[in-house]
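Novice: Quick note: the sequence shown uses UniProt numbering, first residue 1, plus one each step.
Be a bit skeptical, because a hint or two may be false.
Stated by the list, open to error - Pairwise CB distance ranges (calculated):
1. Lys182 to Ser19: 17 to 25 Å
2. Gln109 to Gln133: 14 to 22 Å
3. Leu177 to Ala137: 16 to 24 Å
Stated by the list, open to error - List time: in silico DSBU-like cross-link candidates among lysine-lysine, alpha-carbon distance up to 35 Å:
4. Lys85 to Lys72
5. Lys20 to Lys85
6. Lys97 to Lys35
7. Lys20 to Lys182
Hint data in this document are derived by calculation from the structure and do not stem from the laboratory.
Heads up, the beta-carbon is just placed ideally off N, CA and C, and yes, glycines get one too.
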Amino acid sequence: MFKGTFQSGFLSLLSAVGSKPLSIWSSEVENGHIKRLTDEDIQSSVLEVAGANVATAFITCPADPAKSLGIKLPFLVMIIKNLNKYFTFEVQVLDDKNVRRRFRASNYQSTTRVKPFICTMPMRLDEGWNQVQFNLADFVKRAYGTNYVETLRVQIHANCRIRRIYFSDRLYSEAELPSEFKLYLPIQKAQQQQQQQLEQLEQQQEQDMLEH
1 MFKGTFQSGF
11 LSLLSAVGSK
21 PLSIWSSEVE
31 NGHIKRLTDE
41 DIQSSVLEVA
51 GANVATAFIT
61 CPADPAKSLG
71 IKLPFLVMII
81 KNLNKYFTFE
91 VQVLDDKNVR
101 RRFRASNYQS
111 TTRVKPFICT
121 MPMRLDEGWN
131 QVQFNLADFV
141 KRAYGTNYVE
151 TLRVQIHANC
161 RIRRIYFSDR
171 LYSEAELPSE
181 FKLYLPIQKA
191 QQQQQQQLEQ
201 LEQQQEQDML
211 EH
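Produce the complete structure using the sequences and hints provided.
Specialist: Here it is in structure tokens:
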């Protein structure tokens, strides 16, 4: 899909804010839903993937199983919300031995297991929104002793909310990121900070009046 395109900086696979967030994705859902809604914490559109069984509710890119992504950028970054339920995702990559390897991360697994064609690993999510960064080149090297060539496929399973999924050529600091790639500034948090500042200011003014 992206093999012939010049790849540097950022390459976005999914944005929940766009008009058609799943335009290059396929979706499968049983006993659950995949829908766009407004997240109360960030007051913005997000895509929710939810299901009673993580194995039967997921989105896959590219949509066509015969195609591959061909993304050479080594960092996969996902801005996702922890829903305090089981969640897993999988990335299929190609290494320099021309072998397809799959990496599956889950929040319900406690140990890493490396098999010839699949590596399963635990993933810890903080409360609320997370920026999950995966150094695919590092994972391929550690697990298989080979070199990362490109990402072929990405599959995101229930249960999570997604704001954006993208690849990058390196890890960027928050200050370097374009605004649409940043985690978010919660409106509530900004309002709380403003409220605290106002209260501190009022206390200071009262203190000044007492001193005079």
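Novice: With reference to the structure, classify each hint as holding or not holding.
Specialist: So, going through the hints one by one against the coordinates:
1. Judged by the Cβ atoms, the range 17 to 25 Å given for Lys182 and Ser19 holds: they are separated by roughly 21 Å.
2. The supplied range of 14 to 22 Å is met by Gln109 and Gln133, whose beta-carbon atoms lie about 19 Å from each other.
3. At roughly 20 Å, the beta-carbon separation of Leu177 and Ala137 lies within the given 16 to 24 Å, and the hint holds.
4. Straight-line distance between C-alpha atoms of Lys85 and Lys72 comes to about 32 Å, which keeps the hinted pair within the 35 Å bound.
5. Proximity of Lys20 to Lys85 is assessed by CA-CA distance (about 26 Å); at most 35 Å being required, the pair is judged to hold.
6. Only pairs whose Cα atoms come within 35 Å are accepted, and Lys97 paired with Lys35 is rejected, the gap being roughly 39 Å.
7. Distance hint between Lys20 and Lys182 is fulfilled; the C-alpha atoms sit about 20 Å from each other, no more than 35 Å.
Consistency note: the structure conflicts with earlier hint 6 alone.
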